[in-house]
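> Sequence:
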Amino acid sequence: MTPTAGLRLSQLISKTLRQAPADTETISHQLLLRAGMIFPGAAGVYSYLPLGWRAFKKVENIIREEMDRAGGQEALFPGLQPLELWQETGRNTAFGPTMFSIEDRKDRRLVLGPTHEEVVAQLARSYVRSYRDLPVLVYQIQNKFRDELRPRGGLLRGREFSMKDLYSLDADEAGLDHSYQLMIDAYRRIYERCHLPAVIVEADSGAIGGKESHEFTSLTPTGEDEIIHCPSCTYAANLEKAQGQKGEAPTDALLPLDEIATPSIKTIEALAQFVGVPTSRTLKAVFYSVDGKVVFTVIRGDLDINEVKLKNLLKCNELRMATEEEVAGAGLVAGSASPLGLKGIPTMGDDSIALGANLVAGANRDGYHVKNVNYPRDFQVDTIGDIASAAAGQGCPRCSAPLQAGRGIEVGHIFKLGTFISQKIGAAFLDQEGASRPVIMGSYGIGVGRLLAAIVELHHDDKGITWPLSIAPYQAYLCPLYGDGSQVGEVTEELYQEMLKVGIEVLFDDREDSPGVKFNDADLLGIPLRLVISQRSLGKGNAEVKWRTEKQPQLLPIEGLAQQVKALLWGS
RNA sequence: CGGGGUGUGGCGCAGUGGCAGCGCGCAUGGUUUGGGACCAUGAGGCCGGCGGUUCAAAUCCGCCCACCCCGACCA
Numbered sequence: 175m176t177p178t179a180g181l182r183l184s185q186l187i188s189k190t191l192r193q194a195p196a197d198t199e200t201i202s203h204q205l206l207l208r209a210g211m212i213f214p215g216a217a218g219v220y221s222y223l224p225l226g227w228r229a230f231k232k233v234e235n236i237i238r239e240e241m242d243r244a245g246g247q248e249a250l251f252p253g254l255q256p257l258e259l260w261q262e263t264g265r266n267t268a269f270g271p272t273m274f275s276i277e278d279r280k281d282r283r284l285v286l287g288p289t290h291e292e293v294v295a296q297l298a299r300s301y302v303r304s305y306r307d308l309p310v311l312v313y314q315i316q317n318k319f320r321d322e323l324r325p326r327g328g329l330l331r332g333r334e335f336s337m338k339d340l341y342s343l344d345a346d347e348a349g350l351d352h353s354y355q356l357m358i359d360a361y362r363r364i365y366e367r368c369h370l371p372a373v374i375v376e377a378d379s380g381a382i383g384g385k386e387s388h389e390f391t392s393l394t395p396t397g398e399d400e401i402i403h404c405p406s407c408t409y410a411a412n413l414e415k416a417q418g419q420k421g422e423a424p425t426d427a428l429l430p431l432d433e434i435a436t437p438s439i440k441t442i443e444a445l446a447q448f449v450g451v452p453t454s455r456t457l458k459a460v461f462y463s464v465d466g467k468v469v470f471t472v473i474r475g476d477l478d479i480n481e482v483k484l485k486n487l488l489k490c491n492e493l494r495m496a497t498e499e500e501v502a503g504a505g506l507v508a509g510s511a512s513p514l515g516l517k518g519i520p521t522m523g524d525d526s527i528a529l530g531a532n533l534v535a536g537a538n539r540d541g542y543h544v545k546n547v548n549y550p551r552d553f554q555v556d557t558i559g560d561i562a563s564a565a566a567g568q569g570c571p572r573c574s575a576p577l578q579a580g581r582g583i584e585v586g587h588i589f590k591l592g593t594f595i596s597q598k599i600g601a602a603f604l605d606q607e608g609a610s611r612p613v614i615m616g617s618y619g620i621g622v623g624r625l626l627a628a629i630v631e632l633h634h635d636d637k638g639i640t641w642p643l644s645i646a647p648y649q650a651y652l653c654p655l656y657g658d659g660s661q662v663g664e665v666t667e668e669l670y671q672e673m674l675k676v677g678i679e680v681l682f683d684d685r686e687d688s689p690g691v692k693f694n695d696a697d698l699l700g701i702p703l704r705l706v707i708s709q710r711s712l713g714k715g716n717a718e719v720k721w722r723t724e725k726q727p728q729l730l731p732i733e734g735l736a737q738q739v740k741a742l743l744w745g746s
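Here the numbering used here runs 174 ahead of the position in the first sequence, where the first position is 1.
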C-alpha cells in the first residue's frame with residue numbers, strides 16, 4: 175500500500191491571497207506568497223508552508239538523486255562553526271560582515287556557516303592520508319546563513335537559505351577536472367529535470383576564492399545577473415568576468431601634447447562632443463577608495479570600469495568609489511583629472527589605454543584638457559590589465575562576432591578551488607612517490623529555494639503558477655462542485671480514496687466554495703492536472719480532466735478514472 | 001552602507017488636527033453553486049515604536065525600528 179499522499183484543502187494551514195502583498199515586486203515572490211507556499215519571517219527569511227515545502231522537497235530530491243548518481247556521498251555538516259576555523263584560512267575577512275557571528279556563554283565566537291569548505295578540509299585533514307583515499311565527492315543539503323547586503327525577491331536571495339554544497343577532493347589537476355565535469359553533467363540533468371533551461375557561463379569566483387569558476391544561469395529578462403554571450407560560438411560569461419574585444423589599434427602618427435580650454439566640461443560625453451571626437455578617443459579617470467587608500471584608474475572613454483576585475487587585480491578586501499573629499503584630498507581635480515604627471519597615487523590602467531592614439535585626457539586643472547595624449551609616451555601606470563566591463567556589440571574574445579547581453583538568474587555555481595584552502599587547513603596526503611601534497615578541492619553549490627523560485631519565474635501565467643509535473647506539490651487537483659442533493663460528494667470521496675490507493679498525489683478541494691473560487695485557486699496553486707466532478711458531467715458518467723497549461727478539458731468516464739489519471743500522469 | 005518608498009483589522013486601501021473607515025476575507029443564519037454569488041447580523045485595530053507640540057494627534061515635529069525597491073555582494 176502506497177503511503178497516503180493526499181491533502182484536504184479545507185484543512186490546509188495556509189490560505190490563498192487574492193491580491194499580492196503590495197510591497198512585493200518579483201513574480202515568484204508574489205506567486206509563492208499568494209499561493210500560501212511561503213510565509214515571511216524577517217527580511218530574507220521565510221517559512222515553507224506545506225505546499226511550498228512539498229515542492230521544495232521535490233527539487234531537493236532531484237538534486238540529491240543526481241548527486242548520488244554522480245558518486246556523491248551525502249553527509250551533514252554543522253551550521254555552527256568556530257570562528258577560529260575561518261581564521262585558519264583567512265576567509266573570515268573575505269566574507270566580512272556577510273557572516274553571522276554569535277557568542278556562546280563562554281564568550282567564544284561562533285559563526286553561522288555561510289559555506290563549508292573549511293569544515294570539509296578539516297575532514298580531509300583527518301581522513302585523507304593517501305592518494306588511494308582519493309577522489310572523494312561529499313555533499314550536504316543544509317541551510318546556509320549569509321547576512322546579505324540586501325536580501326531580495328523572496329526566495330531568490332535570502333539570508334537563510336538551503337543549499338546543496340558538494341566538495342570534491344582530488345589528488346591532481348586531472349582528477350579535479352574529472353570531478354568538475356561530473357558535476358557539470360549532473361547539474362545539467364538537474365536543470366533538465368526541473369524544466370529550467372540553464373546555460374553555463376564563466377564567472378568570477380568572488381569570496382569563495384579559487385582559480386576557475388562557472389555559473390549556471392537561467393536566462394530570463396527579470397534576472398538579476400547580467401550575462402554576456404556570443405550568438406555564434408559557445409562563449410558566455412557573467413558580466414563580472416566577461417571580456418570583449420576593445421578594438422581600434424593605434425594607426426595615427428603621434429602628435430604633440432596640446433592643452434585646450436574646456437570650460438565647464440565635466441563628462442566624457444560632453445568632452446568628446448566639445449572636441450569633436452568619439453568617446454573612444456578620450457581617456458576617462460575614475461577614483462576608488464581601496465582598503466582606505468585612493469587609487470587612480472584610467473580607461474578609454476567609451477568603456478566602463480568593472481569593479482570586480484579591478485578588485486581581483488588589486489587583491490584587496492574593500493573597494494568603493496572614492497568620495498569627493500578623498501579625491502580632492504589626493505590633489506585630483508574631478509572632471510579634469512589626468513594621469514599626466516601624476517605622482518604619489520597608485521595608478522591602474524585598463525589595457526584599452528594602449529589601443530588608440532592621440533587621446534583627449536584631463537589636464538588636472540579645472541576647465542582644461544589635453545589633446546594627443548599617448549600611452550606610454552606621456553604617462554605610465556603602476557599596473558595595466560583588463561579592468562573593463564564587456565558590453566553588447568563588442569567582439570567576442572573567441573570568434574569576434576558581436577557579443578550580446580542578457581539577464582539571468584544564477585541557479586548554480588561551481589568552483590575549482592585548488593589547494594589554497596587545503597594548504598592552510600593542512601589537508602595533505604602522500605602521493606605514489608611518498609611525497610606529501612595538499613588535497614585539491616572543488617566546490618559546487620545549488621540554492622534549492624532559489625531554484626524553486628526560478629522555476630516559478632519561468633513557469634507561470636496570469637492566473638498563477640504552472641508547476642512542471644516533476645516539481646508540483648501535488649500531481650492532481652480533485653475539484654468537486656457540490657450541487658444540491660447530488661451524488662458529487664460521495665463519488666468524489668470514493669475517487670479520492672481510489673486515487674490515493676493507486677499512488678497519485680492529490681490535493682482534494684473539499685471546500686464548499688463556489689466554482690469560481692475553486693478554479694482560481696487551482697490555477698494559482700498550479701497543480702498540473704485538474705479533475706472536476708460535477709452534476710453536469712456525472713449525469714453521463716463522466717468527469718472533466720484538464721491540464722493546467724491547456725484550455726480545454728477532456729471527458730473521461732468516472733468508472734476506473736483513478737487508473738486513467740495515473741496513466742495520464744505517468745505517461746506525460 | 002548610499003539612494004528611493006511604505007508602515008492604519010488576515011490582504012488591498014481611504015482617512016491634513018476634533019467619534020478610526022471602506023472593499024475583500026472571517027463568524028452566524030438564510031438563499032445560492034461551472035470562472036473570485038447574494039441578503040441580513042456580527043467579530044476583529046496600542047493607526048510600527050518612543051518622545052515632543054497641542055485643549056485635542058493616525059494626521060504636525062524629532063528620534064528610532066521594520067519591511068520593500070535600485071546599487072555594491074551572493075546559491
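The set of hints was computed from the structure by calculation and includes no laboratory data.
We treat Cβ as the ideally placed atom computed from N, Cα and C, and that holds for glycine.
One should not assume that every hint holds.
[Stated by the list, open to error] Pairwise CB distance ranges, derived in the manner of DEER restraints: (1) K385 to C573: 20 to 28 Å; (2) E199 to D556: 16 to 24 Å; (3) P214 to T267: 53 to 61 Å; (4) G657 to P731: 31 to 39 Å; (5) H352 to S275: 35 to 43 Å; (6) A249 to G745: 16 to 24 Å; (7) G600 to K385: 19 to 27 Å; (8) Q671 to K280: 39 to 47 Å.
[Unchecked claim] Calculated pairs, DSS-like style, for lysine-lysine (alpha carbon to alpha carbon, straight line, at most 25 Å): (9) K517 to K489; (10) K637 to K485; (11) K467 to K489; (12) K415 to K485; (13) K318 to K517.
> Using the beta carbons of P214 and T267, state whether their distance is inside 53 to 61 Å or not.
violated, 32 Å
> Do the Cβ positions of G657 and P731 conform to the proposed distance bound of 31 to 39 Å?
violated, 20 Å
> If you draw a straight line from the CA of K517 to the CA of K489, is it 25 Å or shorter?
The given pair, whose Cα atoms are some 22 Å apart, holds under the 25 Å limit.
> Would you check the hint for K415 and K485, treating anything up to 25 Å between C-alpha atoms as holding?
Status holds; Cα separation ~12 Å.
> Could one say that the CB atoms of E199 and D556 fall in the range 16 to 24 Å?
Hint violated: Cβ distance 43 Å, outside 16 to 24 Å.
> So does H352 sit 35 to 43 Å from S275, Cβ to Cβ?
holds, 37 Å
> Decide if the proposed pair is consistent with the structure: K637 and K485, CA atoms, cutoff 25 Å inclusive.
violated, 45 Å
> Just to be sure I understand the hint, the distance between the Cβ atoms of A249 and G745 should be within 16 to 24 Å; is that true here?
violated, 37 Å
> Does K489 sit within 25 Å of K467, going by the straight-line distance between their CA atoms?
Status holds; Cα separation ~13 Å.
> If you draw a straight line from the CA of K318 to the CA of K517, is it 25 Å or shorter?
violated, 46 Å
> Taking the Cβ atom of G600 and the Cβ atom of K385, is their distance within the range 19 to 27 Å?
At roughly 20 Å between Cβ atoms, K385 and G600 fall inside 19 to 27 Å, so the hint holds.
> Take the C-beta atom of K385 and the C-beta atom of C573, compute their distance, and say whether it sits inside 20 to 28 Å.
holds, 24 Å
Violation of the numbered hints given earlier is confined to hints 2, 3, 4, 6, 8, 10 and 13; the remaining hints are satisfied by the structure.
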